[in-house]
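Student: Chain by chain, the residues run as shown.
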Amino acid sequence: MITGEVAGTVVCTVKSSGLSGIPLLVVRLIESGKKAGLVVAADATRQAGLGDFVFLITSKEASAILRKPYVPADCAIVGFIDRYNEEIQEDWP
Amino acid sequence: MRIARVVGNVVSTVKDAGFVGYKLMIISYIDEPQKRDIAFDAADAGVGDIVLVVADGGASNIALGDSEIIADVTICGVVDNYTLGKTIYDCH
Amino acid sequence: MQICKVVGTVVSTNKTEKLSGMKLLLVRAIDLETWEEKGPLLVSVDTVSAGVGEVVMTVGGSSSRQTEATEAKPVDNSIVAIIDHIDVGSKRVFDRTDAENKT
Chain C
1 MITGEVAGTV
11 VCTVKSSGLS
21 GIPLLVVRLI
31 ESGKKAGLVV
41 AADATRQAGL
51 GDFVFLITSK
61 EASAILRKPY
71 VPADCAIVGF
81 IDRYNEEIQE
91 DWP
Chain G
94 MRIARVVGNV
104 VSTVKDAGFV
114 GYKLMIISYI
124 DEPQKRDIAF
134 DAADAGVGDI
144 VLVVADGGAS
154 NIALGDSEII
164 ADVTICGVVD
174 NYTLGKTIYD
184 CH
Chain R
186 MQICKVVGTV
196 VSTNKTEKLS
206 GMKLLLVRAI
216 DLETWEEKGP
226 LLVSVDTVSA
236 GVGEVVMTVG
246 GSSSRQTEAT
256 EAKPVDNSIV
266 AIIDHIDVGS
276 KRVFDRTDAE
286 NKT
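Chains as they are written, first to last, in our numbering: chain C, 1 to 93; chain G, 94 to 185; chain R, 186 to 288.
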């Protein structure tokens with residue numbers, strides 16, 4: 001799973017029927033506290049908004065987490081981050 | 094999927110038992126001609142053909158009709174023509 | 186998922202029977218920061234009747250087989266939506282009606 005911050009929205013009228021009712025969001029990835037690239041993700045929580053810190057699941061699990069047949073998604077928001085602690089030490093193996 | 098040209102074939106006698114009976118081709122991608130890949134052939138392609146390749150294990154299993162085979166890149170069609178912008182490329 | 190631009194079409198008659206009847210389009214990924222095309226030229230199965238020049242959303246890997254049209258088919262990339270508009274921050278970075286008016 002990966003972490004990110006919701007940065008925008010994608011709106012589509014014409015889409016695969018399995019995606020109907022699932023919000024599509026633009027997410028700014030965060031790697032070790034630093035901002036990284038932008039991705040598009042389906043919002044499995046259906047309540048994420050601009051500026052929320054979230055974690056995402058990728059690959060086939062993204063369609064599985066939406067728990068209905070035929071959801072063509074390979075990246076999905078699955079939860080919100082309240083607190084995030086990461087310790088980085090130079091001498092870690 | 095990507096579009097590639099078949100540039101050769103590979104013959105191997107000693108290989109994983111699951112690979113016996115499959116044809117292996119060397120391909121170069123049309124947008125990345127310097128790169129080479131070895132692909133299984135599910136479409137009876139010949140050297141010089143422009144082909145469609147899938148680069149996914151699950152898709153390769155389906156294309157080859159063999160759920161046991163461990164394959165990554167597989168040729169699943171021969172391209173007749175394709176357009177890029179306004180240019181038509183005839184592949185015959 | 187990837188935002189892509191449709192750049193061409195592909196016609197193939199001699200393909201595995203499991204691919205028959207599928208519409209294949211050539212797409213290239215769009216970088217959401219710079220809005221430039223990047224990465225390899227991909228062949229994607231169209232499930233939403235998209236056309237050349239349109240901005241679409243594609244899915245890759247095994248998720249691309251999670252549509253009624255592509256289930257159990259040898260597919261590794263599918264077009265699953267046509268984009269109306271994209272907002273990043275408070276800025277509208279893409280609008281379909283603007284793009285149609287320009288062409």
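Where hints are given, some of them may not hold.
What the hints assert, rightly or not - Label pairs and their computed distance ranges (CB to CB):
| no. | chain 1 | residue 1 | chain 2 | residue 2 | range |
| --- | --- | --- | --- | --- | --- |
| 1 | R | 221 | G | 113 | 42 to 48 angstroms |
| 2 | R | 206 | C | 17 | 16 to 22 angstroms |
| 3 | G | 183 | C | 82 | 56 to 62 angstroms |
| 4 | R | 287 | G | 105 | 28 to 34 angstroms |
| 5 | C | 61 | G | 106 | 25 to 31 angstroms |
Stated by the list, open to error - Straight-line distance between alpha carbons at most 30 angstroms, and here's what the computed DSSO-like set of lysine-lysine pairs gives:
| no. | chain 1 | residue 1 | chain 2 | residue 2 |
| --- | --- | --- | --- | --- |
| 6 | R | 190 | G | 116 |
| 7 | G | 128 | R | 276 |
| 8 | R | 203 | R | 287 |
| 9 | R | 203 | R | 190 |
| 10 | R | 276 | G | 116 |
What the hints assert, rightly or not - What the simulated footprint calls covered on chain C by chain R, stretch by stretch (three residues with Cβ under 8 angstroms from a Cβ of chain R suffice, anywhere in the stretch; the number is not a length):
| no. | region |
| --- | --- |
| 11 | 40-52 |
| 12 | 58-67 |
| 13 | 81-90 |
These are computed hints drawn from the structure, not numbers from a lab.
C-beta atoms are modelled at their ideal positions from N, C-alpha and C, and glycine is treated no differently.
Student: Compare the structure with each hint and give your call.
Tutor: A quick look at each hint next to the structure:
Look at residue 221(R) against residue 113(G): about 46 angstroms separates their beta carbons, and that is inside 42 to 48 angstroms. About 18 angstroms separates the C-beta atoms of residue 206(R) and residue 17(C), a value consistent with the hinted range of 16 to 22 angstroms. Taking 56 to 62 angstroms as the suggested C-beta distance range, the pair residue 183(G) and residue 82(C) conforms, at roughly 59 angstroms. At roughly 53 angstroms, the beta carbons of residue 287(R) and residue 105(G) sit outside the given window of 28 to 34 angstroms.
At roughly 40 angstroms, the beta-carbon separation of residue 61(C) and residue 106(G) lies outside the given 25 to 31 angstroms, and the hint is violated. As the CA atoms of residue 190(R) and residue 116(G) are separated by approximately 34 angstroms, the hinted pair breaks the 30 angstroms bound. Between residue 128(G) and residue 276(R) the CA atoms are separated by roughly 39 angstroms; this puts the pair beyond 30 angstroms, and the hint is violated. At roughly 38 angstroms between alpha-carbon atoms, residue 203(R) and residue 287(R) are farther apart than 30 angstroms, so this suggested pair is violated.
Under the criterion of a C-alpha separation no larger than 30 angstroms, the hint pairing residue 203(R) with residue 190(R) is consistent with the structure, at around 26 angstroms. Distance check on the hinted pair: residue 276(R) and residue 116(G) sit about 52 angstroms apart at the alpha-carbon level, beyond 30 angstroms; violated. For a cut-off of 8 angstroms, the count of residues in the region 40-52 of chain C with a CB near a CB of chain R stands at 4, and the three-residue condition holds. Under a criterion of three residues with beta carbons nearer than 8 angstroms to beta carbons of chain R, the stated coverage of the region 58-67 of chain C is upheld, 4 such residues being counted.
Remark: the region 81-90 of chain C is not confirmed as covered by chain R, as 0 of its residues place a Cβ nearer than 8 angstroms to a Cβ of that chain, below the required three.
Hints 4, 5, 6, 7, 8, 10, 13 from the earlier list are contradicted by this structure; the remaining hints agree with it.
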